[in-house]
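Line order of the protein sequences matches chains A and E. Heads up: the first sequence begins at 267 in this note's numbering, then just goes up one per residue. Heads up: the second sequence begins at 267 in this note's numbering, then just goes up one per residue.
Please keep in mind that the hints were generated in silico from the structure rather than gathered at the bench. Don't take every hint at face value.
Note: identical chains are not told apart, hence a pair may lie in one copy or across any two.
[Said to hold, decoys possible] In silico DSS-like pairs for lysine-lysine, Cα to Cα no more than 27 Å straight-line:
#1 LYS315 to LYS291
#2 LYS281 to LYS456
#3 LYS359 to LYS333
#4 LYS359 to LYS507
#5 LYS291 to LYS537
#6 LYS381 to LYS291
#7 LYS381 to LYS572
#8 LYS381 to LYS359
#9 LYS319 to LYS333
#10 LYS381 to LYS333
#11 LYS281 to LYS359
#12 LYS572 to LYS291
#13 LYS572 to LYS507
Protein chains: 2
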Amino acid sequence: MLVLILGAAGMIGRKLVDRIAAEPKALGQSIDRLTLADAIQPPVPEALKAVSKAVTMDLANAGVAAKLIEDRPDVIFHLAAIVSGEAEADFDKGYTVNLDGTRALFEAIRQQRLKTEYTPRVIFASSIAVFGTPFPEVIGDEFLTAPLTSYGTQKAIAELLLADYSRRGIFDGIGIRLPTICVRPGAPNKAASGFFSNILREPLVGKEAILPVSDTVRHWFASPRSAVGFFLHAATLDTAKIGPRRNLTMPGLSALVSDEIDALRRVAGDKAVALIRREPDPVIERIVAGWATQFDAQRAGDLGFKAEQSFDEILQVHIEDELDGRLA
Amino acid sequence: MLVLILGAAGMIGRKLVDRIAAEPKALGQSIDRLTLADAIQPPVPEALKAVSKAVTMDLANAGVAAKLIEDRPDVIFHLAAIVSGEAEADFDKGYTVNLDGTRALFEAIRQQRLKTEYTPRVIFASSIAVFGTPFPEVIGDEFLTAPLTSYGTQKAIAELLLADYSRRGIFDGIGIRLPTICVRPGAPNKAASGFFSNILREPLVGKEAILPVSDTVRHWFASPRSAVGFFLHAATLDTAKIGPRRNLTMPGLSALVSDEIDALRRVAGDKAVALIRREPDPVIERIVAGWATQFDAQRAGDLGFKAEQSFDEILQVHIEDELDGRLA
């Protein structure tokens, strides 16, 4: 089997590659060739060196998508994107990469198919940013996509293209609307959503973290391990069961900031919780107030996608995957 | 005021131009320049000859949109499109005109705006084809856009772009999701929806018409006059009331084929109804079964958009506007 991962140097991309390295049959069949592509050089795990090729590319540049599709990968993971904040700050860059780049990929597949039969599985990383306020208390599978960011707009457009190309049989696509990923590994970043992870990850290693919103803020979460699980499940499930609505809101955990803190206390005690410093930030409070808090991801659940049910589980995943199972 | 109408040679485009010719203040202010553009030469009514320019163009060709926006029209009606059947039959043509052409227009406005302040009103002709089955019995304003045609996909993508460009203040856009227009004037055409109009228009002038579906088929209608009214209202209403969800399902009449026939009988008697020949066509029956039958167009209603309430009204509009108010 030939596999292509676009965005292989990103946080989820790297974890997806690591999982495939650890579980050679993660995609059902063994992998004959794995192409890892990203704007920066993607790392290649030792176990995959023999079958892998790392490519540095800009998907929106002319000919790049065609080149990547030339060897007709059977499974294509498309995780490459300009993130939310940058797509909002740089109009051209966001549309060029997130819309034109994605369309170039889909078109490259169509052009291959016009030569001889070819219908790859395409798994696309979408986002709950396709939704915009006002929301019902729980967002169901039939709620409109009315995004309030350019990033969300670009993801919603890519979803529509994916559904139409799939309906026409050009490829066999699935759009995966990711919850906010928590606990994100690595250094604290400036994303408005960063604090959800910071207030767990930093205290677990004895460091301070800033909480800019109130304890009663509710949001929608899944672990990085669940995100990888979504992509692998999407690559292997029977798509005949999905029907023409190819974009699926993934299951997740609807939880309060106080639920995060309670779970942290149970795992690491009051001294960890004491490292959370409350510094209300009205700008972040306002941004977060525009985000969805809860979904009824019934279709994805029925199709076998799974996420954590509590923040204790999410913390456990982080401790196992990032801290070698040990607390400091 | 400067006005640009794209798609001015189409059925609705021509009626919009005729209405502006008949009511010089239809857009609130008097018109200093009116540019009528289409793929074929648009007709210019006598009353508008002094201020009008007719342009033959392909919006998707390089530089065409920029040229049209060069004189900075205050109001832009974008009705130019490849229709549903053709967009489904010709993948490239549909995406090139309906998606790339629309994006070229929006980008041309942004490029003008980057020079000096410019924020035109943009009214975009969308369609209920942005929705796809399965439907609830009545489709509300928060139902997802999951189209099942390439045409519907292209319209849904244009809607997302329009909302994002409007949110960013690049222009002041409104997307108008038109019901099926009935009674369409002119010769019977081969569109799958043609019979809804044919069974009224043809018998009214003593000609036979074919009904390929059962009397119990329900659908969603508005007259050509209402469609023109939607566009004019969208050009003049206070957009501050709309909020960021800029695409509106227009009001319409949910009616059965038997409601059409009953109205025809009331207006033109049994001899007109006898000209409807029943020839069930399983292909058309299947296509029509995938179409929406009823909407709760609450937002558009609250914003003052209006359509007919009965098929008697729709027939009356046709008799007044197409038959000089007289039956044969």
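Outcome of the hint check:
With identical chains, the CA atoms of LYS315 and LYS291 are at most 27 Å apart within one copy only, with a shortest distance of 16 Å there and 72 Å across copies. For the identical chains of this complex, LYS281 and LYS456 are intra-copy neighbours only, at 21 Å inside a copy versus 53 Å across copies, given an alpha-carbon limit of 27 Å. Within a single copy, LYS359 and LYS333 get their C-alpha atoms as close as 22 Å, and across copies as close as 24 Å, so both meet the 27 Å cut-off. With identical chains, the CA atoms of LYS359 and LYS507 are never at most 27 Å apart, being 36 Å at best within one copy and 31 Å at best between copies.
Within a single copy, LYS291 and LYS537 get their C-alpha atoms no closer than 42 Å, and across copies no closer than 72 Å, so neither meets the 27 Å cut-off. With identical chains, the CA atoms of LYS381 and LYS291 are never at most 27 Å apart, being 30 Å at best within one copy and 56 Å at best between copies. Taking CA atoms no more than 27 Å apart as the test, LYS381 paired with LYS572 passes in neither setting, with 38 Å inside one copy and 50 Å between copies. For the identical chains of this complex, LYS381 and LYS359 are inter-copy neighbours only, at 19 Å across copies versus 32 Å inside a copy, given an alpha-carbon limit of 27 Å.
Taking identical chains as interchangeable, the C-alpha atoms of LYS319 and LYS333 lie at most 27 Å apart only when both belong to the same chain, with a minimum of 13 Å there against 46 Å between chains. In this homomeric assembly, LYS381 and LYS333 come within 27 Å of each other (Cα to Cα) only inside a single copy, at 15 Å, whereas the closest approach across copies is 37 Å. When the C-alpha separation of LYS281 and LYS359 is checked against a cutoff of 27 Å, the pair qualifies only within one copy, where the shortest distance is 26 Å, while the shortest distance between copies is 40 Å. Proximity of LYS572 to LYS291 under the C-alpha cut-off of 27 Å is restricted to the intra-copy arrangement: shortest distance 19 Å within a copy versus 59 Å between copies.
When the C-alpha separation of LYS572 and LYS507 is checked against a cutoff of 27 Å, the pair qualifies only within one copy, where the shortest distance is 17 Å, while the shortest distance between copies is 41 Å.
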